[in-house]
Each structure stands twice: as structure tokens, then as C-alpha cells.
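> Given next are the chains, with one letter for each unit.
Protein chains: 2
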Amino acid sequence: MHELRKDPLLGRWVAVFSNSLPPDALNVSSESIENEPCILCSGKEAETPPEVAAIRAEGTAPDTAGWWTRAIPNIKPILETEGELGRKGIGMYDRMNSIGVNELIIESPEHDKNPEDLGAEQFRRVLELYKMRITEIEKDARIRYVLICKSSGRLAGATYSHPHSELIATPVIPRLIKGELDGAKQYYAYKERCIFCDIIEEELRMASRLITETENFVAFCPYAPKFPFEFWVMPKRHGCAFEEASPEEMEDLSQVMTSLIKKMRVMLKEPAYNYVIHTAPNRIPRRNHWHTLGDDFHWHIEVAPRLMRESGIQWGAGFYILTTSPEDAAKYYKEA
Amino acid sequence: MHELRKDPLLGRWVAVFSNSLPPDALNVSSESIENEPCILCSGKEAETPPEVAAIRAEGTAPDTAGWWTRAIPNIKPILETEGELGRKGIGMYDRMNSIGVNELIIESPEHDKNPEDLGAEQFRRVLELYKMRITEIEKDARIRYVLICKSSGRLAGATYSHPHSELIATPVIPRLIKGELDGAKQYYAYKERCIFCDIIEEELRMASRLITETENFVAFCPYAPKFPFEFWVMPKRHGCAFEEASPEEMEDLSQVMTSLIKKMRVMLKEPAYNYVIHTAPNRIPRRNHWHTLGDDFHWHIEVAPRLMRESGIQWGAGFYILTTSPEDAAKYYKEA
Chain D
21 MHELRKDPLL
31 GRWVAVFSNS
41 LPPDALNVSS
51 ESIENEPCIL
61 CSGKEAETPP
71 EVAAIRAEGT
81 APDTAGWWTR
91 AIPNIKPILE
101 TEGELGRKGI
111 GMYDRMNSIG
121 VNELIIESPE
131 HDKNPEDLGA
141 EQFRRVLELY
151 KMRITEIEKD
161 ARIRYVLICK
171 SSGRLAGATY
181 SHPHSELIAT
191 PVIPRLIKGE
201 LDGAKQYYAY
211 KERCIFCDII
221 EEELRMASRL
231 ITETENFVAF
241 CPYAPKFPFE
251 FWVMPKRHGC
261 AFEEASPEEM
271 EDLSQVMTSL
281 IKKMRVMLKE
291 PAYNYVIHTA
301 PNRIPRRNHW
311 HTLGDDFHWH
321 IEVAPRLMRE
331 SGIQWGAGFY
341 ILTTSPEDAA
351 KYYKEA
Chain Z
21 MHELRKDPLL
31 GRWVAVFSNS
41 LPPDALNVSS
51 ESIENEPCIL
61 CSGKEAETPP
71 EVAAIRAEGT
81 APDTAGWWTR
91 AIPNIKPILE
101 TEGELGRKGI
111 GMYDRMNSIG
121 VNELIIESPE
131 HDKNPEDLGA
141 EQFRRVLELY
151 KMRITEIEKD
161 ARIRYVLICK
171 SSGRLAGATY
181 SHPHSELIAT
191 PVIPRLIKGE
201 LDGAKQYYAY
211 KERCIFCDII
221 EEELRMASRL
231 ITETENFVAF
241 CPYAPKFPFE
251 FWVMPKRHGC
261 AFEEASPEEM
271 EDLSQVMTSL
281 IKKMRVMLKE
291 PAYNYVIHTA
301 PNRIPRRNHW
311 HTLGDDFHWH
321 IEVAPRLMRE
331 SGIQWGAGFY
341 ILTTSPEDAA
351 KYYKEA
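Line by line, the protein sequences are chains D and Z.
Under this note's numbering, the residue at position 298 of the first sequence is numbered 318, and the numbers go up by one with no gaps.
Under this note's numbering, the residue at position 242 of the second sequence is numbered 262, and the numbers go up by one with no gaps.
Mixed in with the good hints there might be a few duds.
Claimed, not checked - Below, in silico cross-link-like pairs of lysine to aspartate or glutamate (DMTMM-like), each with a Cα-Cα straight-line distance of 25 angstroms or less: (1) Lys26/Z to Asp218/D; (2) Lys133/Z to Asp44/D; (3) Lys108/Z to Glu222/D; (4) Lys289/Z to Asp44/D; (5) Lys351/D to Asp114/Z; (6) Lys108/Z to Glu221/D.
To be verified - Computed beta-carbon distance windows for the label pairs: (7) Gly103/Z to Tyr210/D: 51 to 61 angstroms; (8) Ile110/D to Arg303/Z: 32 to 42 angstroms; (9) Ala161/D to Glu102/Z: 52 to 62 angstroms; (10) Cys217/Z to Tyr210/D: 29 to 39 angstroms; (11) Gly111/Z to Glu268/D: 24 to 34 angstroms.
Hints are computed from structural coordinates only; laboratory data are not their basis.
Cβ atoms here follow ideal geometry from the backbone N, Cα and C, with glycine treated the same way.
Next up, chain D with everything else stripped away, as it sits in the complex:
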């Protein structure tokens, strides 16, 4: 089993493979993603691990064609479901077993059709499957966080060209999410208001970074993002958990995501991109500790085209440089 290790300085957990790859297996210089023939396509169900969930046409059997979106265990999972956490110290350091869940969410039966190409209804199915998996996995009290991330294109770290997202559920809270939770908590302690609700109000008031507003959502380019053309989609109704979105919100969100991702792809000429669902940590294990969590966190989705390579300054110090201002990026989105 792989191992989780904690960086003693930053508190960041990393996963370390139990069987190391040698140096010559690592230097990746190609832009292309080799996966021909693709096992994620409809009709190839027998070649993947058995599905854990799917949204499929009525009457079709698991692991046969007829699905619209399908969740399977990752082929080489980083985390494993069975076993003890095995938290312990190694000298001054901390480690635990890589207990958790690692799945692929296949977003479309067709290799060359993204969910947004198939329409908002297909996008809604994918979002529904995310919800189903988060809800199911959070029943395991060992799991602290369920992270869902879409990667499209080699530069965004995708390992398949077939449209897919990755789910990673960990017994620890990933560092950047932890930073966000801490920031939101501090703000709440100081202001007694949700920082995200304040951000929504501010973005609606200023309007210069707003891309679109619907009944239930606002989409905007954030004030100080990491990447040019990054945008966030945030529900107007305060709620800490994506998996508790209402059916109307899910419907509305699918429309917004479909439209904006299409715009982004046209405007930026099919860029590599990621999106991440920012939702609350699993509240089952420690309902008492985190009694404020429902008030101080607010779920949302962050979408970022990966247009430029991160420089050393960005990678090494976390100092990001935006060659296009969020105000201008919002203008381009609105005009697209």
C-alpha cells in the first residue's frame, strides 16, 4: 500500500508510491496523451474495473453499454479502501496508510464528445453522479474530504483524452482546501458573516468581474486568481455542501457550466483546463467539532484554463502573475 506523509513545515500531506518508478520512467516531454484504443469508451466496459455507480438508460445492466456517465475505481488507485489508517510517527515525521477512495468519473460514452457538447442535460447527469459518489463515500467516517477534479488536456495533467474527472477521497484535508477553510473561518470569526456571501454581494455590486447571473448562481472572474481567465461559479443560496444542492440548483448549474465551458473553449482555442468542486469536508466524523462549518463555508466550483506553464516563481513561492486582468477576462467572457 502507498503511504501518506506530512510535510513538517507546511502541514501538506503527499502520497508516496510503495513501488518507486526509476528515473528513466519519469521524464515526460510529449504533449500527447496516449490511450488508443480507449477503454473508457462505451462498449469497452469489460476492460475497466467494474463500475461503482452509473447513470444509465433504464433496463441496461451494469458494465454494459447504455450509460451516460459512469464511475469506476481508478485503474491504478492512489488510495485503497481496505485497511487501518495506521497513523504514526517516524522519528520527527508523521505518516499514515493511503486509505481512501480513488475513482474515475467517465463523463461521456463518446470519446470525442464532452458533456457540454452533448448539452446541459448530460452535464447535469455528470454533476448528479458527483453528488451520488460524495454522499456514498462520506458514509465512511475515516474519510475527511472528497475531492472532485476535472482535467482536460495534457497541460492540465489529464492522463486520458476521453472526457473524465477524478475523485480522490482522503483521510486528511488537502492543503489548499484547508487553507481556504481556515481563511473562511477567520473571516467568519471576525465579521460573523460568510466570506463567500460577501464576495457574491461585492461582485454583483461592482459588476466589473461578473460574467453572468442566473436565478441561483453567479459566475465571475475572481479578484485575485491564480490564472488568467479563471472563473468561479457560486450558488447564491448559502450552503456548505455541493451534495446538498437542490434539483433546481443542479439544473441551473448545468446550464451555467455548459455555457461557460463552451465559451472558454472557443475563446481560448481549446485550452487545457481544470475545474475543482470546492465543498465542505465530511461532516459525519466530527459533527461536534465543526458546528460552525455550515455557516462559514460556501460551496462553489473553480474553473481554470491552464494557458501558461507555471514559472519557478509561481511554483516555488506561490507568487502568481496575471497577464490578463480579471476585469478584462470577464469582458471577454461576456462578449464571447
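Go by the hints and put chain Z onto chain D.
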């Protein structure tokens, strides 16, 4: 002038261009770095901004050939020296002017010769020039941090193929450095010991991640790094500031860096890579506030080959996956 903006959740500062690039100027898909003819080569001094410092053969004039290493203002600087900080709130957000310094350190007069190819003496000159620039720039009390980062190869974010480092001096502390300072401070408050001194002792004791030990330095693969084959070089003598390294330490450090970077380049087949000098913030502006700083921070250099593209999970959540363990990586370095 560009603007610095603070992310209200994470406290991360980003630089935002005053003249935005349009969408079609951004989608970078090529691996190559175009800079032919190269203006950083010896003989092209008239084509760069005038040098701010250099280490050169006796009797040669500034901005003429005869230099071994040369610091120039960046061609399109992210930060500017002249002006007021202009800190203010914009609604709920914080901004300031992009006051600071942004320089290129040209590490070699020859386009195809890296300092390590020219030998440890050349590497020492580059390190000396870093020292000179940090010392000079820190006289400006508006500057909180001087960051020096080497980028080699397109995948590491380099914008020139000529060997160079970038210097960025900011009126704020970059987020990852701040995280490290905070982590070290917490440890010091709890243990009353420097965490880095403890790490050195632990790595020497365990030996499994140790690459090399010299009179003044240890080099090792850290317990929980971000990237496979990442290594850190740390002085045994406690000191918070790189620019206060002794002549013997500088000599020793040049040897260690020359040898390990050569090994890394051979073993990983000329990978893209970065290194970052982790030194203390500028202590001049607020000597009283940070009176413990000399005790709780310990300068060092972090070197990381950029072998794989950061996945969405890494980028979006800060959860890193190491396909080669630090113990095995150290073994490969020792055998190389």
C-alpha cells in the same frame, strides 16, 4: 504600473498586468523557447537594459564583454522600483502598487554552457551575485522579501534558453514562503528548537534520504516533497539568511550544487528544473517585530526537477503524488 492584489481567502498576493493580454496571445502549446538571436549572450550587452551588477574580469567595463555573471533589470519587469506602495482597500479587497525589483541573473556568458558545466568556481560566482543583489535590495525598507529562482527548460517555466535565474523582490511575503516561516515559527514556539536543525539531525541519523554530507552542508531528499527527485541543500550551521553565508560555506555550497545538478541532469536526462533560495525576509524594516526570526528560520536551497505535469488534484487541492519515494530517489542520486 501593474497592481498587486490579495486573495481574501488564502492571503496570497498576485500581480495583475495593467495592460491585459487578449485571449489569443495566451494559449501556449509549444515546448520550445524561442529566443534566437539570444540577447543574454556575451557580446550582446548593448541590447539588454544596463547591468545593475556583474562579476567580471578585472579592467573590463560595465555592459561590455568580460563578465562571468551579470544582473540586469528584467526586460518587462513585473515590479517597478519608483513610486509609493499605495496600499488601499477596494470594497472588501486589498491592493497595492507593484513596487519592487525584478531582475534577470545571467549565469553564464555562453549560451550552451551552464554554470555547473563551467565548474564550481563559476557556480560560486553566480551564488556571490545572488548575495550581492539580496544585500543591496534589502536596503530598501519597502521590500519585504527577495526571491531568487532558477528555471531551466520550458516545462519549468523558463522564458529564455540561456542559463539564467530570476530575482523578484516584493513588498509582501510570497505565500509559500510565508507558510514555511509560519510553520517554522510554530515549531519553534512549541519545541524551542529550529525545525530545520532538527530535520538535519534526523536526516543524518536515519541516513536513508541523505545524498551527501560535506563539512558545511547536508543534501537530502526531503521526507514529504512535492516532486519525485526533489532535493534540499541545507547548511549545518544555523543561520536564517543565505546572504550571511561565510566564504567557506559559499565555496562548499558551489561544490555541492555543481555536483548534484550535474548528477540530476544525467540521471533524469536533462530535465526541466527549478531551484529556489529559501532565505529570511528582509529584517531591516521591522527588526523589533521579528526578533525571533534569526532563531526559527534556517536558509536552504530547494531543487526540483519538473518531470511530470501537475495534475488537477495537485494544482487544485495541493495534494501531491510521488511516484518515486524520497528514499529511492536518494539511492539513485548516490549511485549516479
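> Quick one: are Ala161/D and Glu102/Z within 52 to 62 angstroms, going by C-beta?
Taking Cβ atoms as reference, Ala161/D and Glu102/Z lie about 58 angstroms apart, which means the hint holds.
> If you check the beta carbons of Gly103/Z and Tyr210/D, does the distance land in 51 to 61 angstroms?
violated, 31 angstroms
> Lys133/Z and Asp44/D were given as a pair; does the straight-line alpha-carbon distance stay at or below 25 angstroms?
Between Lys133/Z and Asp44/D the Cα gap is close to 24 angstroms, so the pair holds against 25 angstroms.
> Using the beta carbons of Gly111/Z and Glu268/D, state whether their distance is inside 24 to 34 angstroms or not.
holds, 30 angstroms
> Mind checking the hinted window 29 to 39 angstroms against the Cβ distance between Cys217/Z and Tyr210/D?
About 36 angstroms separates the Cβ atoms of Cys217/Z and Tyr210/D, which means 29 to 39 angstroms holds.
> Hint check: Lys108/Z vs Glu222/D, CA-CA at most 25 angstroms. Holds or violated?
holds, 16 angstroms
> Do the beta carbons of Ile110/D and Arg303/Z sit within 32 to 42 angstroms of each other?
Since Ile110/D and Arg303/Z have Cβ atoms about 34 angstroms apart, the given range 32 to 42 angstroms holds.
> Going straight from one Cα to the other, do Lys26/Z and Asp218/D come out at no more than 25 angstroms?
holds, 16 angstroms
> Straight-line Cα separation of Lys108/Z and Glu221/D no greater than 25 angstroms?
Between Lys108/Z and Glu221/D the Cα gap is close to 20 angstroms, so the pair holds against 25 angstroms.
> Starting from Lys289/Z, check that the Cα of Asp44/D is at most 25 angstroms away, please.
holds, 8 angstroms
> Given the proposed pairing of Lys351/D with Asp114/Z, does the C-alpha separation stay at or below 25 angstroms?
holds, 22 angstroms
In terms of the numbered hints stated before, the structure departs from hint 7 and from no other.
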